Each structure stands twice: as structure tokens, then as C-alpha cells.
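Chains X and V supply the protein sequences, listed in that same order. To convert, count from 1 in the first sequence and add 19; that's our numbering. To convert, count from 1 in the second sequence and add 78; that's our numbering.
None of these hints come from the bench; they were simulated from the model. Bear in mind that the values here come from a model prediction, so they are computed numbers and not experimental data. Don't be surprised by glycine CBs; every beta carbon is placed ideally from N, CA and C. It cannot be assumed that every hint is accurate.
Said to hold, decoys possible - Dumping the calculated PhoX-like pairs for lysine-lysine here, alpha-carbon to alpha-carbon at most 25 Å:
1) K107(V) <-> K130(V)
2) K110(X) <-> K261(X)
3) K228(V) <-> K72(X)
4) K143(V) <-> K184(V)
5) K127(X) <-> K213(V)
6) K148(V) <-> K184(V)
7) K277(X) <-> K110(X)
8) K184(V) <-> K127(X)
9) K221(X) <-> K133(V)
10) K221(X) <-> K130(V)
11) K72(X) <-> K280(X)
12) K135(V) <-> K221(X)
13) K261(X) <-> K280(X)
14) K221(X) <-> K131(V)
15) K280(X) <-> K127(X)
16) K277(X) <-> K140(X)
17) K261(X) <-> K117(X)
18) K184(V) <-> K117(X)
19) K143(V) <-> K179(V)
20) K280(X) <-> K267(X)
21) K143(V) <-> K221(X)
22) K140(X) <-> K213(V)
23) K135(V) <-> K117(X)
Unchecked claim - Partial pick of chain X residues on the chain V-facing surface, computed with a CB cut under 8 Å:
24) K72
25) G77
26) M78
27) F123
28) S126
29) K140
30) Q172
31) A173
32) P174
33) L179
34) Y216
35) H217
36) R218
37) A230
As the list claims (entries may be wrong) - Label pairs and their in silico Cβ distance ranges:
38) G217(V) <-> K127(X): 18 to 28 Å
39) K221(X) <-> A178(V): 21 to 31 Å
40) P40(X) <-> K143(V): 51 to 61 Å
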Amino acid sequence: MISRRDFIKKTVIGVAGASIPVAALELLTPRRLRAEKEDKSRVRWVFLVDTYKCVGCGMCVKACKLENEIPYDANVTRTWVERYVTTKDGKVHADTPKGARDGFITSKIDLGTDGSLDIRKEDIDKAFFVPKLCNQCENPPCVQVCPVGATYQAPDGVVLVDRSWCIGCGYCIMGCPYGVRFFHPVYHTAEKCNFCYHRINKGLQTACVQACPFGARRIGNIKDPRDPVAKIITTERVAILKEEYGTKPQVYYIGLDKEVK
Amino acid sequence: MNNHVLRPLLVVILLVVLVLIVRAFYVPKSFGVHQRGYMYGWYRDANVEDWKKFKVKYQGTDYCKDCHAKNHETIMMTPHAIIPCEDCHGPAVDHPSDPAKLTIDKSRELCLRCHYPLAYPTSGRANIRGVDPEKHNPGMECSLCHNPHKPGLEGLK
Numbered sequence: 020m021i022s023r024r025d026f027i028k029k030t031v032i033g034v035a036g037a038s039i040p041v042a043a044l045e046l047l048t049p050r051r052l053r054a055e056k057e058d059k060s061r062v063r064w065v066f067l068v069d070t071y072k073c074v075g076c077g078m079c080v081k082a083c084k085l086e087n088e089i090p091y092d093a094n095v096t097r098t099w100v101e102r103y104v105t106t107k108d109g110k111v112h113a114d115t116p117k118g119a120r121d122g123f124i125t126s127k128i129d130l131g132t133d134g135s136l137d138i139r140k141e142d143i144d145k146a147f148f149v150p151k152l153c154n155q156c157e158n159p160p161c162v163q164v165c166p167v168g169a170t171y172q173a174p175d176g177v178v179l180v181d182r183s184w185c186i187g188c189g190y191c192i193m194g195c196p197y198g199v200r201f202f203h204p205v206y207h208t209a210e211k212c213n214f215c216y217h218r219i220n221k222g223l224q225t226a227c228v229q230a231c232p233f234g235a236r237r238i239g240n241i242k243d244p245r246d247p248v249a250k251i252i253t254t255e256r257v258a259i260l261k262e263e264y265g266t267k268p269q270v271y272y273i274g275l276d277k278e279v280k
Numbered sequence: 079m080n081n082h083v084l085r086p087l088l089v090v091i092l093l094v095v096l097v098l099i100v101r102a103f104y105v106p107k108s109f110g111v112h113q114r115g116y117m118y119g120w121y122r123d124a125n126v127e128d129w130k131k132f133k134v135k136y137q138g139t140d141y142c143k144d145c146h147a148k149n150h151e152t153i154m155m156t157p158h159a160i161i162p163c164e165d166c167h168g169p170a171v172d173h174p175s176d177p178a179k180l181t182i183d184k185s186r187e188l189c190l191r192c193h194y195p196l197a198y199p200t201s202g203r204a205n206i207r208g209v210d211p212e213k214h215n216p217g218m219e220c221s222l223c224h225n226p227h228k229p230g231l232e233g234l235k
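Let the hints inform the model, and build the full structure from the sequences given.
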């Protein structure tokens, strides 16, 4: 027979234990990622974007599409560049015509079916370009929702899609808060930026990093303490996108603004 | 136990065994739970190697500079030195064997990617000299007058 005292004791311990979520015990920072040296893999790919340097030429988008065999005229792309223009009346205008495959060669803001909007130079408060790509999250929601194990996180942190295994259900496309996924027009499977996995494993830069004349894009290994990109991420002021989702994105931005989502 | 219980039970057991046998053959050996556990690391391991084998198309300026040393030297002394060869000349892939000749993009739109004037503060674009394409010799290829490898005005053809 259990005594009343024991019963109350055990209940309190049980309730207290059950109320601590596993997530509360975990805190993941770039520094900890780097420190996890016992880890089998010595590489954790990360990306650094300097929005001050980006001029919106879109050479990265062009190079990415050609390198990764994404049909050139289909309106899908693994990486794209967004333009943000804040006017003196406080309005924010943003566009990315064709994902900036052809750059920004007009001052008119693309409004899709509503035409375009020309903003006078005098009305601009601030304006800049933001390159976007897959964040290769440490907690990738797209991987969690895949019902068949077709998308996964490789040991070096890059999220890949197994084209032969993907059933095309589209859960991952819905699950990504950054909207980086789409269906490949030829294979009809989920498609996404994979940091040019075939290039970075041969010691090359990604196609977008190599094509950027201004050094706005850089890739690095956060686990290598001598890596210049890792150094900037761990010692300088950088920001990430949609931190509140808890996805722990691994694309870091210099010069990010509150309008950028 | 009665027959009406045993028989369906047997059918169910057979079905389960059948599924297990099919599964053993159908699911690739490298499919399973890997480093990051079931939530993030449940996949076909061989696919990682598949992606590594993907064809490289952009070879980089270092790939060009030995055979095209003169062109490389000229552009390296100009502000255009920062532009990789393949941005304008297209991806080298297996050049010179395949393709034997690269197609150069000489369109006005290519130059305008940087030289359309957008005076955006806090963006590097504001520091690049630009022209209004509607007023500056419209319809003509920029390279008819300007040498992209010697973009300064002294390089005018």
C-alpha cells in the first residue's frame, strides 16, 4: 500500500519533471556550434551576407541557375535578391523581379500585376539590396515535416533533398518560413539551395559567392577557428532572419534592417 | 481458439511478413537514422555522395588566366578586375573541349546590372558610375565604344 505522503511526493516530482520541456535545457549559439569538437564532423557550413556591399547586379542569381540546372526562364530560383526602398512618407517598397536574375536595371519598383511604381530620388529615405538563400537551419522545419525521409540534414549542416526519394507532397515547401523551397520544373521534386554541395566539397566557393564581384556573399566553416567568416560571425554584429521561429538559421547578415523579413 | 479467430489472424500475420519482406528489398541499405537522429537525420546516406558528384560549371577566374594571360592582365589593372570572367563570358564548364567557344553576353542589360544609376544610400550601388540608358546612345551595344577590359575613358575605341 502506498502512503498518502508518498503519493503526494511522487505526484509533485512527476508533475515537476514533466513540465520541463526538453527545449528549455538546450541553448545553441554559434560559439557552441564551434565548440562541439567531439562531433564526428569537423565542418559546419555557414553563410555571411554583407548588404552594404550588394549592388543588386544579380550575377549570383544567374550563376546559381546555370550552375544548378534550374530552368533559366522558369520563375523559380534557389537564391534571389530583394530590393527595399523606404520613402519619406514611411512606406516600405520591396520587389525582386524574376528573383533579380537580370539584376535591377530600372528605378521602377515591380508591383507584379499592378504594374510598377517609380520613386523619385528625393523621396528615398533608405534603399538597399538583400540577397536571400536557404538558411540551412540548425533546426530545419522542412526536414521535420518530410513524411518519407527525402529531405535531411547532412552531417555538415547542409539540408539536402533526395530527388529519388521525394514524393512531391509539398509539405516542406509550406513548412519553410523563409520560402526558399519550390518544385523543380523538370524533376517535380522539392528543390532548394544546398550551398552548391558539389562545389564546397571540392574546396570551391559556391557559384553565387564566386560570381559576386563585390564580396557581398561569403561561405565559411563555423567550426574552424581560423576561418575568416567564422571570425566575423562570432566576434562582430550580425543578424539572422526570423529568429522568433527558433529555426536557428545559419545565414548571417551584416546591415540587416527591421523591414527585411 | 476457434477457427474464425485463427484464420484472419493468420492472414494478418502473412500480410505483415509480406510487407517486411518487400521492405527489406525495396528500402536501400543506406536508408536509416543517421547522425542527427530520427527528426533531422532519417535519410538515404548514399544521396550525400550523389550530390557531391553533381557537375561543376563555373570554373573561376584562375581556370582562365593561364591560357588567356594577356586579357587577364589587362583587366586586372582596372576597376573591372573584381568581375569574374564567367560573369560576362558565361560558365566555362569543360572549355576548351566542351564548349569550344563561350558566348559573350554583350547586351546593354548586362552592363546596366551595375551601371544603371540607382543612388541608394547604404548600398554599394550608389558608388558606381551610371548612365541613363534611354539618353546614352540607346540601342547600341556598350562594347561598340567601351572596352570592358579597359573601362576607363582612355580605353574608348
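Results of checking the hints against the structure:
As the CA atoms of K107(V) and K130(V) are separated by approximately 19 Å, the hinted pair is consistent with the 25 Å bound. Under the criterion of a C-alpha separation no larger than 25 Å, the hint pairing K110(X) with K261(X) is consistent with the structure, at around 21 Å. The hinted pair formed by K228(V) and K72(X) meets the criterion: a straight-line CA distance of about 23 Å does not exceed 25 Å. Distance hint between K143(V) and K184(V) is fulfilled; the C-alpha atoms sit about 21 Å from each other, no more than 25 Å.
Under the criterion of a C-alpha separation no larger than 25 Å, the hint pairing K127(X) with K213(V) is consistent with the structure, at around 17 Å. Taking the CA atoms of K148(V) and K184(V), the gap is near 20 Å; set against the 25 Å cutoff, the hint holds. Restraint check: the Cα-Cα separation between K277(X) and K110(X) comes to about 13 Å, which is no more than 25 Å; the hinted pair holds. Straight-line distance between C-alpha atoms of K184(V) and K127(X) comes to about 24 Å, which keeps the hinted pair within the 25 Å bound.
Proximity of K221(X) to K133(V) is assessed by CA-CA distance (about 11 Å); at most 25 Å being required, the pair is judged to hold. Distance restraint check for K221(X) and K130(V): the Cα-Cα separation of roughly 8 Å lies within the 25 Å cut-off, and the hinted pair is therefore satisfied. Between K72(X) and K280(X) the CA atoms are separated by roughly 19 Å; this keeps the pair inside 25 Å, and the hint holds. Our distance criterion of 25 Å between C-alpha atoms is met by K135(V) and K221(X), whose separation comes to about 13 Å.
The straight-line distance between the Cα atoms of K261(X) and K280(X) is roughly 7 Å, inside the 25 Å bound, and the hint therefore holds. For the hint pairing K221(X) with K131(V), the CA-to-CA distance comes to about 10 Å; that is within 25 Å, so the pair holds. Proposed proximity of K280(X) and K127(X) is supported: the alpha carbons are some 21 Å apart, at most 25 Å. Using a Cα cut-off of 25 Å, the hinted pair K277(X) and K140(X) holds, with the two alpha carbons roughly 22 Å apart.
Distance restraint check for K261(X) and K117(X): the Cα-Cα separation of roughly 23 Å lies within the 25 Å cut-off, and the hinted pair is therefore satisfied. Between the alpha carbons of K184(V) and K117(X) the distance comes to roughly 20 Å, so the proposed pair stays at or under 25 Å and holds. Annotation: proposed proximity of K143(V) to K179(V) holds, straight-line Cα distance about 16 Å (limit 25 Å). For the proposed pair K280(X) and K267(X), the alpha carbon gap of about 15 Å is at most 25 Å, so the pair holds.
The suggested pairing of K143(V) with K221(X) holds, with an alpha-carbon distance near 20 Å, which does not exceed 25 Å. Using a Cα cut-off of 25 Å, the hinted pair K140(X) and K213(V) holds, with the two alpha carbons roughly 18 Å apart. With a C-alpha separation of about 22 Å, the suggested pairing of K135(V) with K117(X) holds against the 25 Å cut-off. At about 5 Å, the closest approach between the beta carbon of K72(X) and any beta carbon in chain V falls short of 8 Å, and the interface hint on this residue holds.
Taken as an interface hint, G77(X) checks out: its beta carbon lies about 6 Å from the nearest beta carbon of chain V, inside 8 Å. Using the Cβ-Cβ criterion of 8 Å, the hint placing M78(X) at the interface with chain V is satisfied: the shortest such distance is roughly 5 Å. Checking F123(X) against chain V: minimum C-beta separation of about 7 Å stays under 8 Å; hint holds. Against a cut-off of 8 Å between C-beta atoms, the interface hint on S126(X) holds, since the closest Cβ of chain V lies about 6 Å away.
Satisfaction of the interface hint for K140(X) is found here, the shortest Cβ-Cβ separation to chain V being roughly 6 Å, below the 8 Å cut-off. Nearest Cβ of chain V to the Cβ of Q172(X): about 4 Å, under the 8 Å cut. The hint holds. Checking A173(X) against chain V by beta carbon gives a least distance of about 5 Å; that is within 8 Å, so the hint holds. Hint on P174(X) holds. Least Cβ distance to chain V is approximately 5 Å, under the 8 Å limit.
Given hint, L179(X) at the interface with chain V, holds; its Cβ is 6 Å from that chain's nearest Cβ, closer than 8 Å. A distance limit of 8 Å between C-beta atoms decides the matter here; for Y216(X) the minimum to chain V is near 4 Å, and the interface restraint holds. Because the beta carbon of H217(X) sits about 4 Å from the nearest beta carbon in chain V, less than 8 Å, this interface hint is met. Interface restraint check: R218(X) against chain V, minimum CB-CB distance 6 Å, threshold 8 Å, status holds.
A least Cβ separation of about 6 Å between A230(X) and chain V falls short of the 8 Å threshold, and the interface hint therefore holds. Against the hinted window of 18 to 28 Å, the Cβ-Cβ separation of G217(V) and K127(X) comes to about 20 Å, which satisfies the hint. Distance hint check: the CB atoms of K221(X) and A178(V) are about 24 Å apart, consistent with the given range 21 to 31 Å. Judged by the Cβ atoms, the range 51 to 61 Å given for P40(X) and K143(V) holds: they are separated by roughly 56 Å.
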